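Participant: So you can see what is in the structure, the chains are spelled out below.
2 protein chains.
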Amino acid sequence: MQTSSSLARAVDGDRFWADIEAQAKIGALPPRGIRRLALDDQDNRARRWLMDQGKALGCSAHYDDMGNVFLRREGQDPSLPPLLIGSHLDSQPSAGAYDGTLGVVAGLAVVRALAEQQIVHKRPVEVVSWTNEEGARFAPGASGSSWFAGRRDAETILAARDDDGVTFREALTDCLALLEAQGAQFRDIPVVPHAFLELHIEQGPVLEAQGAPVCVVTGIQGVNWYEVEVNGQANHAGTTPEASRRDAFMGAHALVGALKQAVSALNDQVRFTIGKFALTPNSVNTIAQQARFTIDLRHPDPAVLDTLDAAFQRLAEQEWSNCTVRLEATSKVAPVAFDHHLVAVLDDAVKAFCPQAPRLVSGAFHDAIHLAHLCPTAMLFTPCRAGISHHPDEHIERVDAEVAVRVLAHAVERLLTTRKD
Amino acid sequence: MQTSSSLARAVDGDRFWADIEAQAKIGALPPRGIRRLALDDQDNRARRWLMDQGKALGCSAHYDDMGNVFLRREGQDPSLPPLLIGSHLDSQPSAGAYDGTLGVVAGLAVVRALAEQQIVHKRPVEVVSWTNEEGARFAPGASGSSWFAGRRDAETILAARDDDGVTFREALTDCLALLEAQGAQFRDIPVVPHAFLELHIEQGPVLEAQGAPVCVVTGIQGVNWYEVEVNGQANHAGTTPEASRRDAFMGAHALVGALKQAVSALNDQVRFTIGKFALTPNSVNTIAQQARFTIDLRHPDPAVLDTLDAAFQRLAEQEWSNCTVRLEATSKVAPVAFDHHLVAVLDDAVKAFCPQAPRLVSGAFHDAIHLAHLCPTAMLFTPCRAGISHHPDEHIERVDAEVAVRVLAHAVERLLTTRKD
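Top line first, the protein sequences correspond to chains A and B. Numbering-wise (UniProt numbering), the first sequence opens with residue 1 and increments by one. Numbering-wise (UniProt numbering), the second sequence opens with residue 1 and increments by one.
Keep in mind the hints are simulated off the structure, nothing from the lab. Owing to the predicted nature of the structure, the values given are computational and were not obtained by experimental measurement. Warning: the hint list may mix true and false statements.
Since the list can't tell identical chains apart, any single copy or any two copies may satisfy a pair.
Once the Cα atoms are required to be at most 20 Å apart in a straight line, the calculated SDA-like pairs of lysine to any residue come out as [what the hints assert, rightly or not]: (1) Lys-332 with Gly-135; (2) Lys-332 with Asp-306; (3) Lys-332 with Ser-60; (4) Lys-332 with Thr-307; (5) Lys-122 with Asp-77; (6) Lys-55 with Thr-167.
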């Protein structure tokens, strides 16, 4: 093995960026951005492109029951759990070219550097692309990684349908047949990786504002989703006196005020978003019968989420503007704190390139949230312009991304040389 | 002419109620209620039924450019402006059997009493059914009455399209052809009536709560409609810190709080309703880019409406949660105070049957709001159960409705005998 920084220096920046641009052509939208919905033709083309790159580097290609793809650079001891690096290649319907793709192509760049430098390592290294991280075609997302980590069962995932009624199972069957035809080897039983590393765009404004090209992510916020129903009585807007009203909109307005107050009473970095809101019957001159809205509540500390959950439930037991409330938690994903040792390794690598970089907790989900339950896991972020993602305007600077990939390579080299096998 | 109360006594209550039930069969919905959208087949059948009744009573049938139908009981002096009584036969998509229909059938009951008693009157009496009061198929409503009163031009009305793309003009052509085929006479130039009387269900809870079978309506509240846009910036619910947010939902929430405060600061009987509300992109984990909502604002006093209009415009000039606001008044209908003499005549008639009846200002629109600009106009209300209308559960008690029709007959007799010709 060479010195700690040699693999980072060996990363071919031009080739890395050319790979990013090659991936951006698969499912390209005019004038920019991509559409590569999970398991559609473009998503399958992206898998094929990845496997072709791996073969050229002497990697073997593997796939599993969920269509996750693994490029394996063999180690001296093939029985050792592999070091896993990657992210996902699927996208939102009208997306940028970096969300997910960056992490896969970065893993490829690191493996390319290992291959080109003919570095011999004891432990296998694998680049992974997880199936359906976005959940845009089949909800919920992170299908491949959650199944791989044993967090979600296959039957539930396979039963999901897209808007055209196509099941995940049907779409997956085509994908698996293509992977087999392209010479990938089927893996019956998922391996437990030695560790998982994921580089991703921040999807937020912090790194750009601080001028840092990369940072360590120490964990992922927990997220509670709620659906709230406020039930009143539809009535004529002109003829119904104030005192006789059970106005579901006004009930929702009062309740939201109380929810906001509960959140701000904590004086903490809670993220509280009401992104969906609908009235029934939704007519200009009819008092609303029902208001329905969602809450997206995030915090890195499970105790804060529990406190707010209890407060929300108590508020839902009251009447608001003579309306009753039904509040249901539709999803609770606990916060994840990444492995301390792995975070420390990434921290050292970041500091070698950018001593002032902050540490962030991810506000968004990533495949890493599931892998963290299976093996030591950590992430790196690189900035995206104005924090914009899930939009063709999503943009990263090549200079930032290159630094991030070199930090990743730096950390990989360290893990391959110093971690106990 | 007979004494004042004789026409009221002469109203055939059984026949009146049988007519209500006959109309309820036209466009009947199972298990109850009706669907009789303006100018559809059922609405045309309702017109035909009305003309058949009129012919049986010796009335002539007339129609005009908007498909308004008039049954005319001739007076001794056909050159005198007619006393007009009526309402509308069209309905909301899923409606009760009384809204509108009651007023037309009540007019028919009065004319039947005149005919059966062989009462001779100097002035003609006409029963009218106005086209498209509801505005459910072709918006806005009150097409027939607003055109008749010279308040809206024909071209605008004729250009309206229903959800299937059919124009008012196309639907009306079929209706007019049927009316002609059924022997109705076309009236080129609208007459200016001597007066217009409309009996209608209250569509509110007041009369039922006070146990009054009927009351005088002294006017109709003015109504301002607004469309409000709150413009923020869509962003990731998980990754965007509070300080970086321009959350259109939270902007709308804050603005609505201020609007409510402006309304309640007046400490008055303002009716303020937000019945439509929508977010873009309306996704659980995306901060709203835009909130759009409507305001329905009503009051009998134009000065109160003007004060609130100015307050609303001032609030819209501010930023709310870093979001900008666009507030547009999409419709302003000034309050109407009905003719004092006509109100007094109805008041006397009501007192003869129900001395404790209140006087109400209508919170809902009616055809009378337009007629009031053309000729002396006033209305009667009869209670509907729980104030429910625009719903198959709309219900009136026969005993209340019969009293209301007799009050109407009482007033008509008074107008035919004592009003100056």
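Participant: Each hint should be assessed against the structure and marked as holding or not.
Facilitator: Here's how the hints hold up against the structure:
| no. | hint | in the structure |
| --- | --- | --- |
| 1 | Lys-332 with Gly-135 | within (16 Å within a copy, 46 Å between copies) |
| 2 | Lys-332 with Asp-306 | within (10 Å within a copy, 49 Å between copies) |
| 3 | Lys-332 with Ser-60 | neither (38 Å within a copy, 72 Å between copies) |
| 4 | Lys-332 with Thr-307 | within (14 Å within a copy, 48 Å between copies) |
| 5 | Lys-122 with Asp-77 | within (5 Å within a copy, 114 Å between copies) |
| 6 | Lys-55 with Thr-167 | neither (31 Å within a copy, 64 Å between copies) |
The structure shown violates the earlier hints numbered 3 and 6.
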